[in-house]
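Colleague: Chains as they are written, first to last, in the working numbering: chain A, 499 to 886; chain B, 499 to 886; chain C, 499 to 886.
Errors might be hidden in some of the hints.
Which copy? The list can't say, so a pair holds if one copy fits it or any two copies do.
As the list claims (entries may be wrong) - For lysine-lysine, the following DSSO-like pairs were computed, each having C-alpha atoms within a straight-line distance of at most 27 Å: (1) Lys712 <-> Lys574; (2) Lys743 <-> Lys797; (3) Lys745 <-> Lys854; (4) Lys854 <-> Lys743; (5) Lys675 <-> Lys743; (6) Lys795 <-> Lys745; (7) Lys743 <-> Lys712; (8) Lys743 <-> Lys883; (9) Lys675 <-> Lys832; (10) Lys712 <-> Lys675; (11) Lys797 <-> Lys672.
Since the hints were derived computationally from the structure, they do not count as laboratory data.
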Amino acid sequence: MEMNYVIDTLFALFAMTLIIFMVPGFAMLEAGLVRTKNVTAVLTTNIMIYAVASMAFMLIGYSLAFGSWDNDGMSKWAAFLFQMAFVGKTVNIMSGGVSERTRIVPLTFFTVLMAALIYPLVVNVTWGANILEGTLFDISSMHDLAGCTVIHSTGAWALLAAILIIGPRRGRYKNGKIRVIPASNIPLVVLGALLLWIGWFGFNGGSVGSISSKENADLVALTIMNTNTGGLAGAIMVGLLMYFKYKRLDITMILNGALGGLVSVTAGADVFNMYAPIYIGAIGGVIVVYGVWLFDKLKLDDPVGALSVHLLNGIWGTIAVALFADVSLWGQLKGVLVVGVFAFTSSFMLIYIINKITPFRASDDEQLQGLDIEECGLEAYAEFKRGI
Amino acid sequence: MEMNYVIDTLFALFAMTLIIFMVPGFAMLEAGLVRTKNVTAVLTTNIMIYAVASMAFMLIGYSLAFGSWDNDGMSKWAAFLFQMAFVGKTVNIMSGGVSERTRIVPLTFFTVLMAALIYPLVVNVTWGANILEGTLFDISSMHDLAGCTVIHSTGAWALLAAILIIGPRRGRYKNGKIRVIPASNIPLVVLGALLLWIGWFGFNGGSVGSISSKENADLVALTIMNTNTGGLAGAIMVGLLMYFKYKRLDITMILNGALGGLVSVTAGADVFNMYAPIYIGAIGGVIVVYGVWLFDKLKLDDPVGALSVHLLNGIWGTIAVALFADVSLWGQLKGVLVVGVFAFTSSFMLIYIINKITPFRASDDEQLQGLDIEECGLEAYAEFKRGI
Amino acid sequence: MEMNYVIDTLFALFAMTLIIFMVPGFAMLEAGLVRTKNVTAVLTTNIMIYAVASMAFMLIGYSLAFGSWDNDGMSKWAAFLFQMAFVGKTVNIMSGGVSERTRIVPLTFFTVLMAALIYPLVVNVTWGANILEGTLFDISSMHDLAGCTVIHSTGAWALLAAILIIGPRRGRYKNGKIRVIPASNIPLVVLGALLLWIGWFGFNGGSVGSISSKENADLVALTIMNTNTGGLAGAIMVGLLMYFKYKRLDITMILNGALGGLVSVTAGADVFNMYAPIYIGAIGGVIVVYGVWLFDKLKLDDPVGALSVHLLNGIWGTIAVALFADVSLWGQLKGVLVVGVFAFTSSFMLIYIINKITPFRASDDEQLQGLDIEECGLEAYAEFKRGI
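Pulled out of the complex, with its shape left as it was, chain A reads as follows (with noise of 0.2 Å):
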């Protein structure tokens, strides 16, 4: 009994660390992402977020989500830590998806309630306590391994919150045309996609809990193998729509294919078989595809493309998990539902009350001038001289 207790707390500490690498990893994604004057503003909120939400998380939200900090199966700090590398996900998923036009102290502000109260009751509800238990709204029979509904959707969820208050980038939607605005930096999208998807293992495989028995190690292992040909599914499926429809293999659109087929897979990779996440994985690359031209043509403004990879694949994920395993269909759509009315509403209340008191939004001039210079004092590249 004490190996399977050293085994699982060692266990947990390398997925842990797994997803840590999702800190550099969504920082130089969205580095890459954006142009170069917003930069600095970009990576300052992804650290913010990390050490801010945390912290919160630690004093706050991992007990409003579990009760406790009792485990017996590993060290209780091992588990905690394993669940503290969620956290800053969520909001992860949320920042990049507003990013060239939000401030980064309300964001903070935001962070925090995120960290300590939304994402834990959400927690709460699915993984932890539940303090809906027995009542109508209890959705603790939705299978969702590793956080389709209560990860990606609450994140995007509050990001479409976001969105609807904060508004579009300067000059994006004009005239009734969308302005193309290109990625300033490919190698850093294609590093922080790769460090996402080097995440992912952890973050799936560490959601099994234990690999201390056969059966266990078993589950862990399909569980990351599955996660992987997600996000391969996801890659081909895109490449092959961009070859086809513009005989062209546009990198940002194929990794985000990636990112989408990932979390296509996060809520059943532990229950499908090894093909289903071909299927589920391919079609969560489709959603991508269309997902972003839906959101421009609504004029919501999402410069990472996050509503499609974490919102809509979010839920077709948890969707996925009634078709390709033996789950209940309604127990997956009613967890949707349920939290996402909560994490959406809870979240455009938030930052509706934040806005009042200092606004999310940078002025036009300091979007034109970007938010490097205003917000953070800095250029993020200041010695390379620039065009457009």
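Got chain A sorted already, so can you dock chains B and C onto it with the hints?
Modeller: What follows is chains B and C alone, placed relative to chain A:
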């Protein structure tokens, strides 16, 4: 017994994860070494290779190599993931060496064939089911721990075939002179090389196959130490050569020396004593320096030095096992020969056929403009002003 | 018992791998902080340090520190690798602080002496064989889990010696004014700092030495949690200071605050309760902000803030163990003093002697042109147009 199964599964997943860091490793290394106008194309190629090669290996190649998915000592899914992490590397070795003039679509077709047929057949007769058992060409006595011949030479033989068919970059060899084309982003080169270095710990250490006994734990740790020492010796040796020849420490050469040293100990890191890798890696470094010079003399244009790092050192490393450990030289040479003939001829034929259907080589105009626009539709550094 | 041996070997290899991520961590951090004309030189220095320091430690230093290679609890090769991963860090701390004006060859000579003599002697009297046992200078009662004094202060004392001998960068202090020299690549700074952060989990967690009992599993997990909390607190504290002082969130300062916080809990992360690192790390952040200001007042030119992060916080972290845990203050102070005197004087003497043979300082002309051309023969960003 169950604990051994659990620990070896965890160990394989750990090793696999380290190898996956080689995906950003190769991507960053190559993105840093090529000109800015070809960076997106190189990165897209790397992503497509990982996606397509892994998928093809899962659906076809793995069964061809090993005959079945069964496994006793660890989860069969973990055993697969570890092997899957290898396959893209053979294509990466090939694609890097023909970058800056090669189109992505034919390369992707070849990736499918490499991952589904060529590489699995090489694995079959060395680490796998062995269809050559008992025949004249049986090379199963070759000691090749983690693929000096199976991975590095195989990929580099395919590269040699590709270079012969595709030809050098436009303007590289002109009027009997070699035009020096400088790397565009040295930090990415360094980052990439170091991620490869770390990935190598998983590559070679994991190839021991088990860590769950005292003997195996020692063997895994010795293997990782020897792997690292090979890299150290290669870097130091090339540093000395550079300094005494030019009084300049050319970092791209030093890193290629490190990579050459790492390749050179990959076949025998488990059977060397702790001092042998110093000699083997140092020789590996020397081989890189003179190899790069030699291949340029032969007008075999290889922007990343892959022929020197992977082909020459793949051969040297396989032979070194016989020189520094109790292994038959003839068995090693026979392995090098059989794999070399098969990998080169099969790659040559397949590349030749694909080339007739859709040519690998980008036109001179496209090369002049850079591959990014035509192949991917976006620039790597859209806002940065460039000279040269 | 065999399983303990196996698990602790796997654990040490895992921890070692995380620490090796600090090699790209330091490299990217420093490459981002210096001007573009010195980036290749800084990167080359980092690679040479890893190669030369690790080799010297393997051949000489490790035996000097520990007396023998024997080990009971885990594979002796894994125990060595874990210790080897530390040694380059002490030199990295030193080299970063004298960047932009220091030649690579003398620095490499010093690296050999640091890794073969100075650092091993410090380890000998703290974690190792202890030649001072029973003497007046016996400091083995100092509690220094992962090297606040042994690693961070030692490296930073060498840095102080180097700065005194080498002097500031050309034009840094002119007519009584401090010329601000902006960082050239903020994404690299962020990436580097985050890789260091992740490496710290292995550094401090691995220093517990064993994970294979319930008690040790708890201790390792607590140590990693406390390490992380120190970093969080440092980042948040500096973020607050920056905001209230300047209304600007200077990301390079915030990251140095995080690193200062990480250093400050490195001596006692295993003996603190979960709240202590919040205070210790926050103070560590304050120390960084005022330390950077102080050292500039003293005209000790340190482009990366290493004296504040590693020297001041190395001392603070060692003392903090006595303030927040049941450890003798006198034992801690004595350790700080003995190591400080030895590390500073021995470094000063050796740097002084090497400086007579081949000067550390690049000429003013070379500094004006940038070190990359003269030292390495190639530019970091050859195609990019630069201003300033």
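Colleague: Which numbered hints does this structure break?
Modeller: Hint check: 7, 8, 9, 10 fail, others pass.
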